[in-house]
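Spelled out from the first residue to the last, the chains are:
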Amino acid sequence: MMSGVNPARLFILLALAALAACSDSNNSQPTATPTATATATATATATSTATASATATPSVTSTASETATVTPTASPTATTTSALLVGVAAVKLSPCGSNPDWDGPITPSGVWGETFTDRNGNGHWDDGESFVDDPVNTALDVGSRQKYDGIFLAGFGNDRMATGCHDDLWARALVLQGPTHKIAMVAVDFVGVIAHGLYSGFAHAQAMVDPNLGIDQFIFASTHSHEAPDTLGLWGVDEFTDGKFPRYLQFVDREVARAINAAAAPEAMHRVRVVAARTDPTASPGLRGLQVRTRCRPPFFFDDELRALQFVGDDGVTVATLINWSTHPESLEDQNTQVSSDFPNYIRARVEEALGGTAVYFSGDLGAVEIVGDTCVGGADPHTDDGMNEFDRRDDLGFPRTEQLGTLVGDAAVTALGSGERLAVADVDAASVSYHLAGQNDAFTLGSQIGILDVDMQAFDPTLCAPGTDFCVPVEQHLLRLVDADAQPLVEMATAPGELFPELFYGTADHHRTDCPAAVTGEPYEPAVRGAMHAPYRLLLGLSPDEFGYIVPGNDFFPPTGIFEEANDPCQGQMFDVSNPRRTVPSHYHETLSVGVDMAATSTCYALRLLGDETEIASNAACQRVLGAP
Amino acid sequence: MTPRVGRIRLGVLLLALAFSAAPAAAHIPQLRGRLTELVSQSDLVIIGTVAQTRAVDVRHNDTTVRVEGRLIGDVQDPVITFRAAPYFAPGKRFVFFLHREGGGLECVQPSGTLFGARPADDPTYRETVTAVRRALPRPDAERTAALRAAMIPALSAAAPPLRYHAVLELAELSPQGLSPAERRSLEHLLADPATDPAIRPIVSRVLARGR
Numbered sequence: 001m002m003s004g005v006n007p008a009r010l011f012i013l014l015a016l017a018a019l020a021a022c023s024d025s026n027n028s029q030p031t032a033t034p035t036a037t038a039t040a041t042a043t044a045t046a047t048s049t050a051t052a053s054a055t056a057t058p059s060v061t062s063t064a065s066e067t068a069t070v071t072p073t074a075s076p077t078a079t080t081t082s083a084l085l086v087g088v089a090a091v092k093l094s095p096c097g098s099n100p101d102w103d104g105p106i107t108p109s110g111v112w113g114e115t116f117t118d119r120n121g122n123g124h125w126d127d128g129e130s131f132v133d134d135p136v137n138t139a140l141d142v143g144s145r146q147k148y149d150g151i152f153l154a155g156f157g158n159d160r161m162a163t164g165c166h167d168d169l170w171a172r173a174l175v176l177q178g179p180t181h182k183i184a185m186v187a188v189d190f191v192g193v194i195a196h197g198l199y200s201g202f203a204h205a206q207a208m209v210d211p212n213l214g215i216d217q218f219i220f221a222s223t224h225s226h227e228a229p230d231t232l233g234l235w236g237v238d239e240f241t242d243g244k245f246p247r248y249l250q251f252v253d254r255e256v257a258r259a260i261n262a263a264a265a266p267e268a269m270h271r272v273r274v275v276a277a278r279t280d281p282t283a284s285p286g287l288r289g290l291q292v293r294t295r296c297r298p299p300f301f302f303d304d305e306l307r308a309l310q311f312v313g314d315d316g317v318t319v320a321t322l323i324n325w326s327t328h329p330e331s332l333e334d335q336n337t338q339v340s341s342d343f344p345n346y347i348r349a350r351v352e353e354a355l356g357g358t359a360v361y362f363s364g365d366l367g368a369v370e371i372v373g374d375t376c377v378g379g380a381d382p383h384t385d386d387g388m389n390e391f392d393r394r395d396d397l398g399f400p401r402t403e404q405l406g407t408l409v410g411d412a413a414v415t416a417l418g419s420g421e422r423l424a425v426a427d428v429d430a431a432s433v434s435y436h437l438a439g440q441n442d443a444f445t446l447g448s449q450i451g452i453l454d455v456d457m458q459a460f461d462p463t464l465c466a467p468g469t470d471f472c473v474p475v476e477q478h479l480l481r482l483v484d485a486d487a488q489p490l491v492e493m494a495t496a497p498g499e500l501f502p503e504l505f506y507g508t509a510d511h512h513r514t515d516c517p518a519a520v521t522g523e524p525y526e527p528a529v530r531g532a533m534h535a536p537y538r539l540l541l542g543l544s545p546d547e548f549g550y551i552v553p554g555n556d557f558f559p560p561t562g563i564f565e566e567a568n569d570p571c572q573g574q575m576f577d578v579s580n581p582r583r584t585v586p587s588h589y590h591e592t593l594s595v596g597v598d599m600a601a602t603s604t605c606y607a608l609r610l611l612g613d614e615t616e617i618a619s620n621a622a623c624q625r626v627l628g629a630p
Numbered sequence: 001m002t003p004r005v006g007r008i009r010l011g012v013l014l015l016a017l018a019f020s021a022a023p024a025a026a027h028i029p030q031l032r033g034r035l036t037e038l039v040s041q042s043d044l045v046i047i048g049t050v051a052q053t054r055a056v057d058v059r060h061n062d063t064t065v066r067v068e069g070r071l072i073g074d075v076q077d078p079v080i081t082f083r084a085a086p087y088f089a090p091g092k093r094f095v096f097f098l099h100r101e102g103g104g105l106e107c108v109q110p111s112g113t114l115f116g117a118r119p120a121d122d123p124t125y126r127e128t129v130t131a132v133r134r135a136l137p138r139p140d141a142e143r144t145a146a147l148r149a150a151m152i153p154a155l156s157a158a159a160p161p162l163r164y165h166a167v168l169e170l171a172e173l174s175p176q177g178l179s180p181a182e183r184r185s186l187e188h189l190l191a192d193p194a195t196d197p198a199i200r201p202i203v204s205r206v207l208a209r210g211r
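Heads up: the protein sequence lines correspond to chains A and B, in order. Quick note: the first sequence uses the numbering used here, first residue 1, plus one each step. Quick note: the second sequence uses the numbering used here, first residue 1, plus one each step.
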């Protein structure tokens with residue numbers, strides 16, 4: 001996938017060191033930071049140029065079999081004053097009923113979509129029913145011609161059409177501004193987004209943000225709701241017909257931009273103090289037994305920490321609360337046909353009810369982690385002291401249970417914040433990295449070829465990956481820090497470009513399977529992202545900006561093989577926890593929906609690069625394999 | 001049925017049961033070739049036109065079909081009814097993969113797996129399904145090659161689902177590359193301007209393996 005480009009790497013390190021040195025200076029001027037550009041060819045020849053940058057964004061670029069751009073947003077400026085400003089906005093994305101920003105067709109049920117003749121009277125379009133093909137959709141996506149465009153719900157199987165909206169979907173934007181930087185974070189209630197689509201995606205939303213607002217960096221993420229419209233294309237009427245609704249996706253982009261513009265407007269920015277909290281099932285018993293592993297996949301390990309940041313204005317009124325928790329929002333499962341943001345809706349509602357302001361929910365490292373009652377039924381940990389778990393069942397799925405679950409999590413966040421720590425935040429800074437990764441999944445290749453996935457081939461340019469690569473994935477990762485007056489991190493937030501397994505956040509060396517020696521693939525352990533963080537509060541923002549599928553540890557990655565596709569595990573079917581006989585080893589489902597085995601190593605190692613932990617990168621075999629020897 | 005076929009079918013059935021016993025569907029549908037799996041799970045594969053579809057619940061329908069052709073198994077009735085996860089639109093013509101369950105029939109296709117069939121597509125469906133059926137009981141060493149031989153002609157099928165399933169399965173069946181004859185077939189396919197551009201990258205990748 002990658003060839004060694006040591007001179008380029010060395011140049012990157014030197015450039016970063018230079019930037020870090022600049023960062024220590026209180027005199028750095030945001031409009032005069034130099035830009036350094038290095039281009040390494042296959043023969044690793046490096047050149048550099050320095051120019052003035054109007055956006056004060058130093059960058060380092062190397063190009064070989066992969067292209068990497070590390071973009072620190074530089075220089076947290078030391079200050080002794082509490083200087084953090086926060087703006088927040090929530091804009092509805094619900095595809096139902098009237099909305100002044102929606103000029104597309106609405107079906108009789110109120111759900112947006114091309115109008116149709118409901119021959120069987122079931123309230124939604126079915127294959128074979130005639131419909132009015134909206135030319136706006138076809139103009140955006142030629143594949144939409146004579147295809148029904150409406151709200152197919154994402155998650156689970158194909159052809160699950162929405163029959164109404166139960167609760168609203170949102171784009172919730174949180175803008176953080178310190179003395180030197182202004183950063184926008186947005187969470188949308190979707191299963192996931194490809195940022196660089198040809199006609200939709202976060203890149204399009206970002207392009208619509210008012211440049212006069214001075215935003216340095218954008219962090220987009222999806223909550224991964226499985227009860228919201230298909231934003232990827234995988235859930236259409238059949239597996240080779242995409243489920244995207246082009247006109248709606250462009251509406252989404254506009255509304256996401258609108259949310260950012262509203263949150264970042266000068267009049268929306270409030271001077272705030274920050275209260276931070278973290279809790280877990282030990283400290284907050286209400287959280288016990290709410291997470292399970294998909295089909296009980298070992299190790300039975302979770303990121304069970306619930307993290308929250310409360311931004312309180314000078315007047316004592318809460319402006320916003322950020323919540324970060326790690327499990328799939330799919331409590332409503334596959335029988336539901338009402339659009340919903342699932343349990344995050346109730347988490348946010350509970351937090352807003354208790355604290356005021358606007359709550360913004362970010363999903364974390366939720367790869368292979370499900371909400372209780374999904375798969376692995378009967379295998380969850382106890383929820384109550386008597387060893388029982390009222391949620392660990394399949395006969396009670398629906399909104400009441402989903403509300404209970406969300407309220408439990410919201411309560412835990414509120415309680416934790418009640419005794420939270422006030423942080424002396426002096427500034428916010430951020431860094432990002434972008435690179436290309438060779439996809440190794442034929443299904444993704446075919447999906448992009450036949451238009452199921454909306455990908456902009458300029459961004460997915462195969463020539464930016466190794467020769468022979470069909471699906472060359474543009475990956476983007478971010479690191480955001482809240483720092484004190486000494487530029488020491490108080491809060492660190494790293495992003496992951498998909499569904500990161502929690503072992504990868506906490507480190508696979510310490511958290512890996514021990515049940516089956518025959519299942520060890522021999523791939524080296526990826527580094528611990530969390531372990532490379534230094535702040536007391538360490539967040540992981542998943543599916544950001546892209547949903548590139550599961551990010552599976554290499555030491556347990558069994559690529560799909562053979563006629564049944566999902567690889568069998570050497571210990572498949574075996575019980576791996578004597579205290580819980582329901583936990584048996586499943587086949588390797590997640591690998592079928594992964595870009596490839598290298599995603600785990602690249603995403604964790606680049607996260608370490610953003611965190612500045614070159615020592616760990618140099619000593620970690622997985623990093624050396626994907627980034628080249630130090 | 002030979003003992004070997006019996007073991008394979010038993011394994012397949014156990015696998016199918018294991019998946020059907022899973023309490024929830026996969027989070028994300030797996031876009032993958034399913035021809036071999038569906039053939040191996042089926043007692044009856046027919047071509048027919050949907051006469052009626054009645055919803056049982058959100059995710060299941062009772063589907064009534066006028067039988068117009070038989071690819072695997074025997075069926076006497078000109079009209080049959082079975083329970084299915086996919087929604088089959090009345091008036092449309094499909095290939096159906098069916099498993100006998102108790103006294104009735106069930107469709108083994110997942111919700112999004114549909115094989116639309118115009119009458120002109122019937123010979124290619126018949127050739128592919130029959131070839132897969134014949135390949136399944138063969139010894140391991142021969143089976144993979146026989147399945148590849150079943151998939152390669154389907155790459156030129158006019159029916160997109162058949163073409164796409166075939167190319168995904170061919171990729172999975174060729175981890176170590178191809179025989180010289182298979183290589184020639186695929187090279188010929190790539191040289192043909194009529195070949196679907198969507199499958200070319202995967203065919204090229206398969207060809208590149210083992211070089």
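Please note that the accuracy of each hint is not assured.
To be verified - Computed footprint of chain A on chain B, listed as stretches where at least three residues anywhere in the stretch have a Cβ under 8 Å from a Cβ of chain A:
no., region
1, 89 to 97
2, 109 to 115
3, 149 to 157
4, 177 to 190
5, 193 to 199
Claimed, not checked - Derived Cβ-Cβ restraints for the label pairs, each shown as a range:
no., chain 1, residue 1, chain 2, residue 2, range
6, B, V58, A, P211, 42 to 48 Å
7, B, R66, A, D133, 24 to 30 Å
8, B, R83, A, D103, 39 to 45 Å
9, A, T282, B, Q176, 45 to 51 Å
Derived by calculation from the structure, the hints in this document are not laboratory data. Keep in mind the model is a prediction, meaning the values are calculated, not measured. Virtual Cβ for every residue (Gly too), placed ideally from N, Cα, C.
Going through the hints against the structure:
For the region 89 to 97 of chain B, the assignment as covered by chain A holds, since 4 residues bring a beta-carbon within under 8 Å of that chain's beta-carbons and 3 suffice. Chain A is given as covering the region 109 to 115 of chain B, and this holds because 5 residues of the stretch bring a CB closer than 8 Å to a CB of that chain, at least three being needed. Beta-carbon proximity to chain A at under 8 Å applies to 0 residues in the region 149 to 157 of chain B; the threshold of 3 is not reached and the given coverage is violated. Residue count for the region 177 to 190 of chain B with a Cβ under 8 Å from a Cβ of chain A: 0. That is fewer than the three needed, and the coverage hint is violated.
A stretch counts as covered by a chain when three or more of its residues have a beta carbon under 8 Å from one of that chain; for the region 193 to 199 of chain B and chain A the count is 3, and the coverage holds. Restraint check, V58 (chain B) to P211 (chain A): a C-beta distance of roughly 46 Å satisfies the suggested window 42 to 48 Å. The beta-carbon spacing between R66 (chain B) and D133 (chain A), approximately 29 Å, falls within the hinted interval of 24 to 30 Å. About 41 Å separates the C-beta atoms of R83 (chain B) and D103 (chain A), a value consistent with the hinted range of 39 to 45 Å.
Between T282 (chain A) and Q176 (chain B) the beta carbon distance is about 50 Å. The supplied range of 45 to 51 Å therefore holds.
Of the numbered hints stated above, those contradicted by the structure are hints 3, 4, listed in ascending order.
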